[in-house]
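Chemist: Protein sequences appear in the order of chains A and B.
With the first sequence counted from 1, adding 1148 to any position gets you my numbering.
With the second sequence counted from 1, adding 696 to any position gets you my numbering.
Hints in this document: simulated from the structure, not taken from any laboratory.
For every residue, glycine included, the Cβ atom is placed at its ideal position computed from N, Cα and C.
Treat the hints with care, as some may be off.
Claimed, not checked - Label-pair distances were calculated between CB atoms; the ranges are: (1) A1597(A) x S782(B): 48 to 58 Å; (2) L1539(A) x Q836(B): 38 to 48 Å; (3) V1289(A) x A756(B): 27 to 37 Å; (4) D699(B) x H1572(A): 28 to 38 Å; (5) T710(B) x D1280(A): 23 to 33 Å; (6) F1510(A) x H897(B): 52 to 62 Å; (7) V1289(A) x G764(B): 45 to 55 Å; (8) F1454(A) x T710(B): 52 to 62 Å; (9) S782(B) x G1284(A): 38 to 48 Å; (10) A866(B) x Q1601(A): 18 to 28 Å; (11) G839(B) x F1454(A): 46 to 56 Å; (12) D1280(A) x A866(B): 29 to 39 Å; (13) S757(B) x P1241(A): 32 to 42 Å; (14) G1363(A) x R880(B): 23 to 33 Å.
As the list claims (entries may be wrong) - Going by beta-carbon spacing under 10 Å, a handful of chain A positions derived as facing chain B: (15) T1350; (16) E1356; (17) A1359; (18) N1409; (19) F1459; (20) E1462.
Unchecked claim - Calculated lysine to any residue pairs in the SDA-like style (CA-CA distance at most 25 Å, straight line): (21) K755(B) x R1549(A); (22) K755(B) x Y902(B); (23) K1278(A) x L857(B); (24) K755(B) x W785(B).
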Amino acid sequence: MSGIFQCLNFAGQLRAEDGSWLLGVADSVWVRLSSLLLFQHYNTRVVVLGALLLGVAAGMVGCFTLLRRRALVGDALSHATLPGVGLAFLLAPLAGLDGGSRLVLLAGAAASGIAGAVAILFIRSLPRLKEDAALGIVLSVFFGAGVALLTVVQQSPTGRAAGLDRYIFGQTASMTADDAWLIAATAALTALLIAGNFRSLTLLCFDEGYASAQGYSIPLLDLLLMFLVVLITMIGLQAVGLILMIAMLVIPAAAARFWTNRLLVMLLISGLIGGVSGFVGALLSAVFADLPSGAVIVLTCGLLFFLSLLFGGERGVLVRSLRRRELAAAIDREHLLRGIWELREPLAERSAAEIDRRAASFDELLSLRSWSVGRLRSQIRHASAEGLVWLNSEGAVELTRRGVMEAERLVHHHRLWELYLITHADVAASRVDREADAIEHVLEPELIARLEQLLLQRQRSGGLPASPHQITGVSTQAAGVSLQEGQQS
Amino acid sequence: MSDQSVPLRVQDLTVAWHRRPVIWDVEFDVSPGRLVGIVGPNGAGKSTLLKAVMDLVPKASGRVEIFGRSWRESRHRVGYVPQRESVDWDFPVSVLDVVTMGLYGRIGWFGRVHRRHREAARRALEQVGIGELADRQISQLSGGQQQRTFLARALVQEADLYLMDEPFSAVDAATEQAIVEILRSMRAAGRTAVVIHHDLHTVPDYFDSVVLLNMRVVAEGPTQQVFTRENLERTYGGRLTLLEEATEALRRQERRL
Chain A
1149 MSGIFQCLNF AGQLRAEDGS WLLGVADSVW VRLSSLLLFQ HYNTRVVVLG
1199 ALLLGVAAGM VGCFTLLRRR ALVGDALSHA TLPGVGLAFL LAPLAGLDGG
1249 SRLVLLAGAA ASGIAGAVAI LFIRSLPRLK EDAALGIVLS VFFGAGVALL
1299 TVVQQSPTGR AAGLDRYIFG QTASMTADDA WLIAATAALT ALLIAGNFRS
1349 LTLLCFDEGY ASAQGYSIPL LDLLLMFLVV LITMIGLQAV GLILMIAMLV
1399 IPAAAARFWT NRLLVMLLIS GLIGGVSGFV GALLSAVFAD LPSGAVIVLT
1449 CGLLFFLSLL FGGERGVLVR SLRRRELAAA IDREHLLRGI WELREPLAER
1499 SAAEIDRRAA SFDELLSLRS WSVGRLRSQI RHASAEGLVW LNSEGAVELT
1549 RRGVMEAERL VHHHRLWELY LITHADVAAS RVDREADAIE HVLEPELIAR
1599 LEQLLLQRQR SGGLPASPHQ ITGVSTQAAG VSLQEGQQS
Chain B
697 MSDQSVPLRV QDLTVAWHRR PVIWDVEFDV SPGRLVGIVG PNGAGKSTLL
747 KAVMDLVPKA SGRVEIFGRS WRESRHRVGY VPQRESVDWD FPVSVLDVVT
797 MGLYGRIGWF GRVHRRHREA ARRALEQVGI GELADRQISQ LSGGQQQRTF
847 LARALVQEAD LYLMDEPFSA VDAATEQAIV EILRSMRAAG RTAVVIHHDL
897 HTVPDYFDSV VLLNMRVVAE GPTQQVFTRE NLERTYGGRL TLLEEATEAL
947 RRQERRL
């Protein structure tokens, strides 16, 4: 935070004389941001590029751990890297190496991460111990050992200078060109390993039993997946830190799931989300010098997840609720059309001229179902916009020619389904209308064809099947009465 | 001893697990070109038997020969249809992707999926009657369609021996009929299928021979000879109290180890 204040102070002094203090702040931040965006500083380029590549690689690996339902393995393994860092620092001088060298430290991290992976696989294979126990044990024991080792290291002056604790929370600013190269090389290796094992990993995540029967070694593939996670964690320690590393492995993959139903596309989207998070996070923490990079990267990730959850094209909340509303609207429209048609059915039989005049008053329609005045109004509006009904001179809702055709199709489906329920499923005739209602809207064409084949041989040829029950609604009874009167006269 | 014409020979097979189910001393032969049903109550060890044949669970003793060789050597001649419930049907793959998995063995680790592979997968889907669903995501499938997808994945392997774990469980009548027809055309082509089956009514209609299993083989042989009321009562009725107690004792001992 103090970075922002320094920046503010600096700008304030600069522009104090002309009084446009705020403008100065904006200017100063803009100058820094634009110089960053244009990557004028070599160091910024290195940091941002490194974080971006890290995000891409983590996003891709995360897809597989998520689909294997082992998302938390990443958390255990990232914590398991810490003792390796401490041990490498302490033991490297014995082997004649420089303990402060990044490569030595990260090699130590990778080694103890792999040890953690083996420990997880071993504990899981013991009877009566499950995955969650294995993860909990490995995470806490390794992390505990790491904290203890780091405390020892911190007590020596060289140790304090090495600043090993930055691996816990991450600090992109300390990244050098060598680090960026290491990240780039590791990300490339990860991508290669994924490409080479794409099918095996897919099979492992989808159908373990079948994979095993096909001759794939499940423990070996699991180990490969864990090795990928360790690689990602190793290069992520510097930028994100081990505590928040899990976010990079889980969030982009989970966010990508909202956008697609295809694994390869999911991998690419996840990589993109991870990359963007790394990029934005590193950039922001470079603009505001003291913003912790790990936290900013993870927050960006979280924001992208939230956006995906809302707007994701395949399973996002918005798309799903739109689909639901579309379906509800379609059902309402079908009810309206069928309602008008059926209300006038008895009249149509009386005189052929009535067939073309399928109209019902608003009140008649309202009493037909338990729909509110407002909902019915909006349905009529929608249906008339689609050219299925129109309001005639008497103010009644009348079906257009297209409306009649559509309504006849719907009545046909409804009656077919009712018949089927009565004759084949023993549903009482008084209840069949509701039951058919629930199902008929999802009938597919081939199902209709089978229903027709099954039921209509017995029916008189041509025309719609008669309703097996009395059509409910106040005005229908009135129509029935008038029909009887007609017969009497 | 080893006979390359016998698709499946199980000898003296015992699987003792730290949890049930357990099978004891299972022994039977499957002749080529036959449809064999494995029938028995829940917990009789039917799935365990199939898994032990495929080395998916460790054997305590006994041997399994497939066309006279070990599982490892004959693996490519075996098609496996796991239980439908064993996978996540929300996984981001298409129906065609799942069927193509049956070809991974042939494609090899670094090979590419070519058009001819995809065409073979489509043909298998046509064969099981859901060719038009090839490009759907698998979460849109009904239970019967899921089962057909698994069947197509096994078919595309063009194996000589098929091991199927309850392909008829909870499928619609049309799917059941389709599966039966496929099994019969397999038999006509000289292939062999060993199928775990639950519905006793259809056993005589579907299978040439049966293995009645309840932790041990109660009876096995041609359906008309073996599938008798008496044998069924021995399989389903009367719990094997002593055997269960022995298993329990074994389990307790294992816990202490």
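Chemist: Work down the list of hints and note, for each, if the structure agrees.
Modeler: Do the hints match the structure? See the list:
1. Between A1597(A) and S782(B), the C-beta spacing of about 34 Å breaks the proposed range 48 to 58 Å.
2. Against the hinted window of 38 to 48 Å, the Cβ-Cβ separation of L1539(A) and Q836(B) comes to about 40 Å, which satisfies the hint.
3. The hint said 27 to 37 Å for the Cβ distance between V1289(A) and A756(B), and at roughly 34 Å that hint holds.
4. For the pair D699(B) and H1572(A), the supplied restraint of 28 to 38 Å is violated, since their beta-carbon distance comes to about 51 Å.
5. The beta-carbon spacing between T710(B) and D1280(A), approximately 32 Å, falls within the hinted interval of 23 to 33 Å.
6. At roughly 56 Å, the beta-carbon separation of F1510(A) and H897(B) lies within the given 52 to 62 Å, and the hint holds.
7. Between V1289(A) and G764(B) the C-beta distance comes to about 50 Å, which sits within the given range of 45 to 55 Å.
8. For the hinted restraint 52 to 62 Å between F1454(A) and T710(B), the CB-CB distance of approximately 55 Å keeps it satisfied.
9. For the pair S782(B) and G1284(A), the supplied restraint of 38 to 48 Å is violated, since their beta-carbon distance comes to about 26 Å.
10. For A866(B) and Q1601(A), the hinted distance range of 18 to 28 Å is satisfied, since their beta carbons lie about 26 Å from each other.
11. For G839(B) paired with F1454(A), a C-beta distance near 35 Å fails the hint of 46 to 56 Å.
12. The hinted range of 29 to 39 Å is satisfied by D1280(A) and A866(B), whose Cβ atoms lie roughly 30 Å apart.
13. For S757(B) and P1241(A), the hinted distance range of 32 to 42 Å is not satisfied, since their beta carbons lie about 55 Å from each other.
14. A hinted range of 23 to 33 Å holds for the C-beta pair G1363(A) and R880(B), which are about 29 Å apart.
15. The beta carbon of T1350(A) comes within 7 Å of a beta carbon in chain B, closer than 10 Å, and the hint placing it at the interface holds.
16. For E1356(A), the interface hint holds, the least distance from its beta-carbon to any beta-carbon of chain B being 8 Å, beneath 10 Å.
17. The restraint placing A1359(A) at the interface with chain B holds, with a minimum CB-CB distance near 8 Å, inside the 10 Å limit.
18. At its closest, the beta carbon of N1409(A) sits 4 Å from a beta carbon of chain B; the interface hint therefore holds under the 10 Å criterion.
19. Interface hint at F1459(A): violated, since its Cβ lies 18 Å from the closest Cβ of chain B, which is beyond the 10 Å cut-off.
20. Evaluation of the E1462(A) hint against chain B yields a held restraint, the C-beta minimum of about 9 Å falling below 10 Å.
21. Annotation: proposed proximity of K755(B) to R1549(A) is violated, straight-line Cα distance about 73 Å (limit 25 Å).
22. For the suggested pair K755(B) and Y902(B), the alpha carbons sit about 30 Å apart, so the restraint of at most 25 Å is broken.
23. Restraint check for K1278(A) and L857(B): the C-alpha separation of about 35 Å exceeds 25 Å, so the hint is violated.
24. Restraint check for K755(B) and W785(B): not satisfied, since their Cα atoms lie roughly 30 Å apart, outside the 25 Å limit.
Of the numbered hints listed earlier, those contradicted by the structure are 1, 4, 9, 11, 13, 19, 21, 22, 23, 24.
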